[in-house]
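> The chain contents come next:
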Amino acid sequence: MKILKIGASWCPECVIMRPRWAEIERAMPELQTEYIDYDQQPEIKKQYQIDHVPTFIFLDRAGQEILRLKGLVEKEELSELINQHKDK
Amino acid sequence: MVKSSVRLIILFSVGFCLLGLLAPGAEAQSQPTFYFFYSPTCSVCARQSKLIDRLEADYSQLAVKRINVTTGDGYDLLQSFYDKYQVEQSSRGGTPVSFIEAEGVGGKYMIGYSESVDEAIEGYVQQLIALEGDNHQPNDNDAIESTTSGQITLPFIGAINLSGLSPLTLSAVMGGLDGFNACAMVALGFLLALLLGGESIDRRKVFLIGGTFILVSGLVYFLFISAWLNLFMFLGYLRIITIVVGVGVVLFSLFLLKDYFSGIICKICDVPEDGQESRLTKGQRKLFAIMTKVTDSSMPLWLVLVTVATVAAGINLIEIFCSFGFPVAYTKILTGFSLSSVSYYFYLLVYIGFYMLDDFLIFLAAVITLRVTKVSEKYLKAVKLISGLALLLLGLAILFRPEFLAWK
Chain A
1 MKILKIGASW CPECVIMRPR WAEIERAMPE LQTEYIDYDQ QPEIKKQYQI DHVPTFIFLD
61 RAGQEILRLK GLVEKEELSE LINQHKDK
Chain B
1001 MVKSSVRLII LFSVGFCLLG LLAPGAEAQS QPTFYFFYSP TCSVCARQSK LIDRLEADYS
1061 QLAVKRINVT TGDGYDLLQS FYDKYQVEQS SRGGTPVSFI EAEGVGGKYM IGYSESVDEA
1121 IEGYVQQLIA LEGDNHQPND NDAIESTTSG QITLPFIGAI NLSGLSPLTL SAVMGGLDGF
1181 NACAMVALGF LLALLLGGES IDRRKVFLIG GTFILVSGLV YFLFISAWLN LFMFLGYLRI
1241 ITIVVGVGVV LFSLFLLKDY FSGIICKICD VPEDGQESRL TKGQRKLFAI MTKVTDSSMP
1301 LWLVLVTVAT VAAGINLIEI FCSFGFPVAY TKILTGFSLS SVSYYFYLLV YIGFYMLDDF
1361 LIFLAAVITL RVTKVSEKYL KAVKLISGLA LLLLGLAILF RPEFLAWK
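Protein chains in written order, with our numbering: chain A, 1 to 88; chain B, 1001 to 1408.
I should point out that these hints are in silico values taken from the structure, not numbers from a laboratory.
Quick reminder that beta carbons are idealized off the backbone N, C-alpha and C, glycines included.
Hints are not guaranteed to be accurate.
To give an idea of the interface, some chain A residues facing chain B are shown, with a C-beta separation under 7 Å as derived from the structure [said to hold, decoys possible]:
1) C11
2) P12
3) H52
4) V53
With a straight-line Cα cutoff of 27 Å, these simulated BS3-like cross-link-like pairs (lysine-lysine) come out [as the list claims (entries may be wrong)]:
5) K1293(B) - K75(A)
6) K86(A) - K2(A)
7) K86(A) - K45(A)
8) K70(A) - K86(A)
9) K70(A) - K1293(B)
10) K1286(B) - K5(A)
11) K75(A) - K1381(B)
12) K1378(B) - K75(A)
With the sequences and hints as input, model every part of the structure.
Here you go:
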């Protein structure tokens, strides 16, 4: 599984989510994540129908979307969801 | 200054009809007349009106004239009374105002509402009634200062009522409610995440940057609320303003509740389909982006602080357009208390103090523990719901039940 983290520098919720992700990534070094800046890759909006940043998209091995989270998410909730889907 | 403050402190002024003083007892006395100037939306007028009902029932000799100042005629009559009694300009503009006079004796005026004003009114009416038919001049009673239980008296501010819905309770409760503002919480969470998210955390830097941001935010908000207060003091008498404010507050509360039910917390992070964000949103985004860069950079600290102060002022100015509900409702209700201008600003400071309290505590906890207190979606949603419901009730009370907001 891979997680796309779509955010922007002007979005306070994205900044609030940064340290939460940093903690998770430190705890799970095997987790594959990719940060995509909304302003630098505007085509992402159409590709994934983004209507809010941050948006976190969980992709399975085949690149299919399995889950999408928007806005502020608690660290505990994130960890739980990652554990549920990490083998997909 | 001190002299005029003393006048303001006791919340009412007492004057004499000069003609009556110059010729005491020279003319035959007439029936004492009570001119009660009120505004239908003024909560304290409704309270004082109860006293006047009782006086009217107790003393058949007393003629009571109730004048609505929101009508053109009522307003003109009040102006002529102000001139006749040489009421200072600074004391004009509030309700209730009472003029009690009897020809041949003189008269007095009382401005505002408090227990001591009520006592002074009743005392003077009794004096005039006792003198009716008698040709004696009533004793001068220029300043009746009484401190009733449940009040504390502060220099320059005056008596502060601690019981019931006093301006103090109103300021503290509404400031506190306004402080639980979802967008302000997101802004603070953003700031703390920036400051505490890095690898090496400098506690002094966190304290200075965070402190500057909070201080400037408070200052901008204070100026904003002062502007509303002055507007309502200026427009005080107009019934239409009360209706506009009530409707505005109700509509604003409905927007908050709509956001709550559709799960929106802060619109700044939405990227609409057509990509046509408002200019305000774009401005706000630019400021947040600058903030992100500045706190990450290795600029000298003073320059960082100046930038943070500027950005904080900008973010708050823009946010003002999105959070006018509580400040408008609060300042409108506050002007109904007919206080002195020093008291008004004192209560604005109380409001701001409570408004900033939750931000300050979250910030303090972060500086001490160097960890960001959780700002969860659930919490922010609950905040929206509570603010929305509180504002809805306030708006409805301003429109239909102003006496609920009365000073008890």
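> Take the hints in turn and mark each one as holding or not.
So, going through the hints one by one against the coordinates:
1. For C11(A), the suggested interface contact is upheld, since its CB lies about 5 Å from the closest CB of chain B, less than 7 Å.
2. A distance limit of 7 Å between C-beta atoms decides the matter here; for P12(A) the minimum to chain B is near 3 Å, and the interface restraint holds.
3. This hint holds: H52(A) has a C-beta 5 Å from the nearest C-beta of chain B, less than the 7 Å allowed.
4. With its C-beta approaching chain B no nearer than about 5 Å, V53(A) sits inside the 7 Å limit, and its interface hint holds.
5. Restraint check: the Cα-Cα separation between K1293(B) and K75(A) comes to about 25 Å, which is no more than 27 Å; the hinted pair holds.
6. Proposed proximity of K86(A) and K2(A) is supported: the alpha carbons are some 8 Å apart, at most 27 Å.
7. With a C-alpha separation of about 25 Å, the suggested pair K86(A) and K45(A) falls inside the 27 Å cut-off, and the hint holds.
8. Between K70(A) and K86(A) the CA atoms are separated by roughly 19 Å; this keeps the pair inside 27 Å, and the hint holds.
9. At most 27 Å may separate the alpha-carbon atoms for a hinted pair to count; K70(A) and K1293(B) meet this at roughly 24 Å.
10. Between K1286(B) and K5(A), the direct Cα distance comes to roughly 21 Å. Compliance with the 27 Å bound is thereby established for this hinted pair.
11. At most 27 Å may separate the alpha-carbon atoms for a hinted pair to count; K75(A) and K1381(B) meet this at roughly 18 Å.
12. For the hint linking K1378(B) to K75(A), the alpha-carbon distance of about 13 Å falls within 27 Å, and the restraint holds.
Hint violations for this structure: none, all hints satisfied.
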